[in-house]
Each structure stands twice: as C-alpha cells, then as structure tokens.
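Protein chains: 2
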Amino acid sequence: MPSLQVDLGQRSYPIHIGAGLLSAPALWQPLRARALRLVTDEHVARHHLDVVRAQLDLDASSIRVLPPGETQKSWEQAGKLLDWLLQTRLARDGCLIALGGGVIGDLVGFCAAIYQRGVDFVQVPTTLLSQVDSSVGGKTGINHPLGKNMIGAFHQPILVLADTDTLKTLPRRELIAGLAEVIKYGMLGDTGFLDWIEAHLNELLALDPAATAEAIRRSCAMKAAIVGRDERESLTGGSERALLNLGHTFAHAIETHAGYGDWLHGEAVGAGLCMAADLSARLGWIGAADARRCIALIERSGLPTRPPADMTPQDFMRNMALDKKVAAGRLRLVLLRALGRAVVTADFDPARLAETLEHFCSAAHHSCPTSHG
Amino acid sequence: MPSLQVDLGQRSYPIHIGAGLLSAPALWQPLRARALRLVTDEHVARHHLDVVRAQLDLDASSIRVLPPGETQKSWEQAGKLLDWLLQTRLARDGCLIALGGGVIGDLVGFCAAIYQRGVDFVQVPTTLLSQVDSSVGGKTGINHPLGKNMIGAFHQPILVLADTDTLKTLPRRELIAGLAEVIKYGMLGDTGFLDWIEAHLNELLALDPAATAEAIRRSCAMKAAIVGRDERESLTGGSERALLNLGHTFAHAIETHAGYGDWLHGEAVGAGLCMAADLSARLGWIGAADARRCIALIERSGLPTRPPADMTPQDFMRNMALDKKVAAGRLRLVLLRALGRAVVTADFDPARLAETLEHFCSAAHHSCPTSHG
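Sequence order for the protein chains is A and B. Here the numbering used here runs 173 ahead of the position in the first sequence, where the first position is 1. Here the numbering used here runs 173 ahead of the position in the second sequence, where the first position is 1.
By construction, these hints were calculated from the structure, which means they are not laboratory data. Every residue, glycine too, gets a C-beta built ideally from N, C-alpha and C. Keep in mind that the hints are not guaranteed to be accurate.
[Stated by the list, open to error] A few chain A residues that face chain B, going by a derived Cβ cut-off under 10 Å, partial list only:
(1) Y186
(2) L200
(3) L204
(4) A208
(5) D230
(6) E249
(7) L255
(8) R262
(9) A264
(10) K312
(11) L319
(12) N322
(13) G325
(14) R402
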C-alpha cells in the first residue's frame, strides 16, 4: 500500500492509497476509541457506508447522509451540521469523518475547522478529484452565491484514506474530471510526470489499479511538497501554493457563469488549463507546440477544452475580478514560464489575455485553440 | 504610550495602550493605503465612529453599524457580514476593523478568519474587558443556542489599539465587569499583581489613566506570554492556554443558564472566580484565607460573588458537560494549586465540587461563601 506523509510540523498527517482500504481494520483502529461523527452523501452511502459503519461500529445518530451535489457546500448546510454536532454533544476531542468527494470533504472540513475552534477530521475521498487534490493541503470551505469557496479555513485532516476501489462506482464523467487535476500536476511542475500520464492515459481511463495508485501518489506528493513550503497561500513572496491554481482562475469564472453543478469542477479545470497554456504561448513563454501538446492530452482524456459556448470575454473579466489571488486590485494568474514550471504573476501583457479570451469565446473558433501558433 | 508585542512568529502583532490613541494619525498610517471594512455597534458608533472614520477616510459603504448586544454573535449575523464583504468585493488583501467590545471583536474576528480563508483584521477594543482580555490571543467566535463560543476559529489580529479614553463613555457596570478579568490574572499567575490591584482598586474604579493603562498592560502581557506558549489551547500536554479560563467553566454555565445578555460575561466570571477559589480551598490546595481574600476583592469591585439565585447544582453539571475543556468525557477545571498558580485538572474529588455547587446554590447561604474555612 503506497503511503505518503504530508509534512507540516505539528499538523503532519499520513495519506494511505490503495485498493480495499475501507475494509482494512488496521487503518481504522486508531479511530475506534474516539467519539466520531461521519458525514457522507446519498450516492456514496449507497456503495460505501455499510463497510465503514461496520469498521467503526457507528450508530445512526452519529451519521449524516446529505443529498449529493455542490449546492450542499452552503452557509445554511454548514449551520445545520454544526447544530447536529452540538445537539449530539460532540466534545472538542471528538473527530469528524468526511466520506465522499470534494463537496463532502470541503464542507465537513470547514465544520471541523470552526466547531469549538477546531476539531480533528479524517478525509475518506471517494472520487479521483478528491483523492489527487482536495484531500491534500487543508483547504476547506463553502460556496457563496457571489463566488466559489469564498468562505472557508485552512484546516489539516489527521488522516487521509484513499481507497481506489471506490472509483469503480464513480460515474465515468467524474473519473475524467479528476484526470484534469492529474494533468495539471504534470503541466505545472514535472514534465516527467506529464510524459508518464501521456504513456499511461489508457490505463488510467480503464482504472488499472497500479496506474491509478501511482497517479494519485505522484499528484499527492507534488501537492504535499508545495503545501509544505507555503501552507496558507501567502499573498506576498513566492506565493508558491498558488501554483496549484494553474487553470483555476479561468475555471472558477466558468463555474460561476455556469452555476455550480452544471460543469464539474474538473471539467472547468480542463478548459482552464487549455486557456492558461494558450495564454502562456501567446506571451512567448512556452512554445505553441507545448500548448498544443497539453491541449491534445486534455482532449484525449475526454475533458472539455473550451468554456461554455455562451460565455463572453466580459463574463470572464467580471468573474475573475473577485478571484482570491487579486492583490492590490491587480489580477494575478498562474501561467507557464516553461512547460513543467508554473509561476504566479500579475506581470503579463493584458492584450494577450484579451486575445486568449477572445479566441476561446469565439463562436466560430477552430477546433484547435492554439491554431494561432 | 505603553506598547507590547505579542510574540507568535509570523503571526506576531503589537498592542498599543494609552489615552487618545483613536485620534493619533501615526497609528492609523499603515492602514490608510488598504481596502478597509469597519464594523461597530450603535453605542460605540455614537461616541467613537466619527474620529476613526476621519482618520481612515472611510465612506459609508465600508462601515456596518450593528445593534448592540451578545445576540449579534450569531451564525445569522456572521452570514450577513460575509454577504456584505462579498457584495462590496473586498479582496483577500483587504482588512477588517473591529471597533467595539468583545462581541464586535469576536464576531468580526470570526468573519476575518473565514472570509476567503482568512483576511487581516485590526482590533480596536472599547471596553475594559476587551482591552485586557479578548483582544489578545486570537480567539474569535460566535454563540449557539446550545453554548457560548461553540463556533469559532483562532485568528490573530495584525494590530490592537486600546484607547483608555473610550472607557470614559462605558457604563459603570461594564467597567466593573472588566475588572473581573484583571483580578483573574492576579489570581492565576501573579500574586504581586494581585497585591497591586488590591492597592489600586479605587484608582481603577475612578478610571485613573495611569493605573488603568498599567492594569491593561500587565493583563495583556500575562495573556500574551501564555498564548505564546500554547496558541491553540492544546488538549494534551500542559494545556497552558486553558489556565486563562480560571473561573470560566462556572461562568459559562451561568451565562448559558441566564441567557446571553442578562449577566455580563465579566459578572459571570466574578462569580466563577469565587467558585474556583472556594473549590480550590475545599480541596486543600489554597488556604481558606486565600479564597476569602480573592472573594473580598471581587466583592469590593462591585462584582457578583454568587450565581443567579435560581440556579441549582444540576444546572451547573448539565451546562458544564459541554465545556470545551471536557476531554475523554471527564470534566476538567482550572483551579488554584496555590494562590497565583493555576492548573488545568480533571484530578479532583468530585465530592468537593458537589459541595461548592451546593454551597453557592444554597438559598440560605452565608454572606461569605467560604465560611466553611
């Protein structure tokens, strides 16, 4: 079983990755003596709740099963979960378990962050997206009608269990969405990993266990290394953690436009990565062939390479103005200085950004977005 | 002007204490270039908003004036403030200013902690209680019908400005309530400071500027030293930060019973300190004369030395069961191992606790609660 330690001093924690972890008694052992509350959603509960419940001997009052979907990441739902924790008298030494994808992880993590000023929580991610990305790094949060993840906290889990068997029950569309974040890691920091993904894409799409575990392990390791150097995404200095947002400023604008839920996060990231690569090429920082290579991989994965057809450059500019990376009124983007080397920068020619937006929002666009090269 | 540095590594910040600080341009200078949002309440606004507003050149859309009172520390009000921050498009490099007492400080600090996963905030405490206590240490939070401060976060301000002139417009009852926390610092960690308070109580009650600034400085310095050693109130190990809760487990039970707002927090702390001293004496850890000395000082200050007349020992036991210091199901209390030396412990004879509760809840009690000595 591949394991990984996220190194954050007192807040360090292990990530275990592999097939069949949910039914491995040894992994759950440290939790059995504790007061626990588990939160999951209806889809995940159908497939995985019984096995976890049996491992932890949980009674019904210690479990909440929410409707599925991004709309659960709301101020109202967080308030209801906190009511439940107080009504069931969970003390400060209790522990929450988030069994599900990114929505459950973000929501439960946020509640753990603010319940009694912070209690322990365990992430049991059941989607590829959450296994490679949102379960590492401690970002928790909820959405607001005016923006995604606008309310939240940094709060590290004490343990992450990523059981690759859970991906077998995942809708194919969500599996593909998760690949967007895997490809992101290759683009932003490791061309060797990008080569590996290109070579193993068919195995990843077929859920080959070894390839899947390896993709998760390498993605988590890259994220853990970056988070270890910049836990709270500093606004000044290197802002290293912000590198993880390659493609995400465009993606968040797409999600705000489309309404939460219509586009999966990973799908928006797919299109956002294409736009970031295109802009980097227009700035002359990477070659047009590099950009085409990234976009081709994203397309081969089955991800969208374009924003929604009804989005305009103005929609992007308006939605991006509220991005958390805006500092001193200037839009900062994560772009590729070279393939495998992302940078956070406000120092780019806005005319090139306008070209990228125009190009990707053009109704009569060519099939290859970087055909300008 | 006495100043103090709270030493928390990257999260260190200065506290400035003195008369007339609100109208001292130099102190506000570093904030003038930033995007600011100020929150205060109607009482404080009447006396102090104009001067702060002029210093910072704030327009009306950057200011929120809330009704006064503890009921504002609610999930609903926090949600409304976050709506406002998003609607007015405060970016992550913006800064909140809390102008008011503990309610405003806790509420605004909580919003700053979770807005975009944490933005800067400045505390401008305008009550003695908040100047000596709640503006130091980064505890932020809101109340829940099932308990005070049950939802919150640790989030340090970037600056604290404690203007002692603001105490002139404070109702006398609130000034006295603030003295409870000052006395607490003497009892828990410094008998020299306890001597000083006894000697200067009349000056403190008369708001003598030098004595007031000295009491604030010494209280903040003690709290800063303790917080510096245990920023997040660890559940294991020394739990040093929990020492600051001397008298508070009893006090929170009183506040839960009385309903927020009927008893001021400091008034409940006054009674709670008497109960903690009484129990410590019953356990034989301090002398009966020590307990009587503390209770006499609290009485001389004009603070209550008893819980509400309608409270029973059962009320205390029920309300204390949800205390954040409960670990592994055992109630832990902050008690005095010696006068000037508090400890956090679950290792006490529950029969003595029952005696203390019985004694303080007795309708026919003696005028001196430790008359058993």
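Numbers of unmet hints, in rising order:
Violated hints: 1, 2, 3, 5 and 14; rest satisfied.
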